[in-house]
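Engineer: Quick mapping for you: the protein sequence lines, in order, are chains G and L. Using the working numbering, read the first sequence as starting at 1 and increasing by one per residue. Using the working numbering, read the second sequence as starting at 1 and increasing by one per residue.
Worth flagging that the hints you see were computed from the coordinates, not collected in a lab. Just to be clear, a hint being listed does not mean it is correct.
Said to hold, decoys possible - Which stretches of chain G does chain L cover? Using the computed rule of at least three CB atoms under 8 angstroms from a CB of chain L, they are:
1. 6-19
2. 46-60
Stated by the list, open to error - Now the in silico label distances, taken between C-beta atoms and shown as ranges:
3. L:G117 / G:L22: 44 to 54 angstroms
4. G:S12 / L:R106: 51 to 61 angstroms
5. L:N37 / G:D92: 49 to 59 angstroms
As the list claims (entries may be wrong) - Taking lysine-lysine and the BS3-like style, the derived pairs with C-alpha atoms no more than 25 angstroms apart in a straight line are:
6. L:K91 / G:K2
7. L:K64 / L:K119
8. L:K119 / G:K2
9. L:K91 / L:K25
Remember, it's a predicted structure, so these values are computed and weren't measured experimentally. Beta carbons are placed, not taken as given, at the ideal position from N, Cα and C, and that holds for glycine.
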Amino acid sequence: MKAYFGRRYMVSASHRLHTPALTAEENRAAYGKCNNEHGHGHNYVIEVLVCGQVNGETGMVVDLGALDGAVRAEVLDRFDHADLNRDPLFADRVPTTENFCKAIFALLGDALLGAELEQVRVEETENNFFEYSARG
Amino acid sequence: MIFLTRRAVFSASHYYWNEAWPAEKNQQVFGRCANRNGHGHNYTLEVTVAGEPDATTGFVVDLKWLKNVIDREVVAAFDHRHLNLEAPEFKSAIPTTENIAVAAWRRLQPAIDEAGGAKLSRVRVYETPEIFAEYRGEA
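This is chain G alone, in the form it adopts within the complex (with noise of 0.2 angstroms):
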């Protein structure tokens, strides 16, 4: 049987939108507050869901502990209290959370969680969140 099995961290971290193919009032109109010069920061949710059949011998999808090893080590050791634009992923592309949550997508993708990655959901606050999956 194919079962899912999702797991909710935290990481606090620091970002500014800003983009320099728009000029400062532009950024200031698109952005608005998020556009301040010095950034502000958040507590964000990343919520990873992996995918597998359900072992017969130890009734699971994933080893958690091997599942919490890859995603401290590729992504909650990387961005935990750090400032998300300083980042070499947001060297080219602003770190939106839209943005983040398709690069710990991609940071998982390739990393060995011992399951499947199905989706990544990062919530900024807890009023909005992003999703982004294995269908694109």
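The hints should help you fit chain L onto chain G, whose structure is shown.
Structural biologist: Okay, now just chain L, sitting in the frame of chain G:
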């Protein structure tokens, strides 16, 4: 198509143990979850059904009816129980979150099918707010 979800909670104890393995391997694979006296969780169950709103009532299903089905089929069997010892499906399967999701699906599907309206779409079980498993009826 509308997807409608009803939540329910139950509190239960369990432990992880594969009888085919020696004790050392159980402890190595399952860690603290293998403690033989068990431990407990406050589980949250999310049951999602899919269908079209009824032309007269505007309902996909009557939520009170769905609540009663969940209470009767799942909560009554699992709440304040030791899953390994008291739930028949876990005589032969380890009560992991994945297997609890599958067991809840199997308990719910006949009653939801029999009603002939909305279809069971997914069952999600939160073991803690940070850990959940989901079953969508896939092979």
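Engineer: Next, verify each hint and record whether it holds.
Structural biologist: Hints, one by one, checked against the model:
1. 6-19: It holds: at least three residues are needed, and the segment 6-19 of chain G offers 4 whose Cβ sits within less than 8 angstroms of chain L.
2. 46-60: With 6 residues in contact (Cβ-Cβ under 8 angstroms with chain L), the coverage given for the segment 46-60 of chain G holds.
3. L:G117 / G:L22: 44 to 54 angstroms: 51 angstroms, holds
4. G:S12 / L:R106: 51 to 61 angstroms: 41 angstroms, violated
5. L:N37 / G:D92: 49 to 59 angstroms: 56 angstroms, holds
6. L:K91 / G:K2: 21 angstroms, holds
7. L:K64 / L:K119: 16 angstroms, holds
8. L:K119 / G:K2: It holds: about 19 angstroms lies between the C-alpha atoms, which stays within 25 angstroms.
9. L:K91 / L:K25: Roughly 20 angstroms between the alpha carbons, so the hint for K91 of chain L and K25 of chain L holds.
Checked against the numbered hints above, the structure breaks only hint 4 and satisfies the rest.
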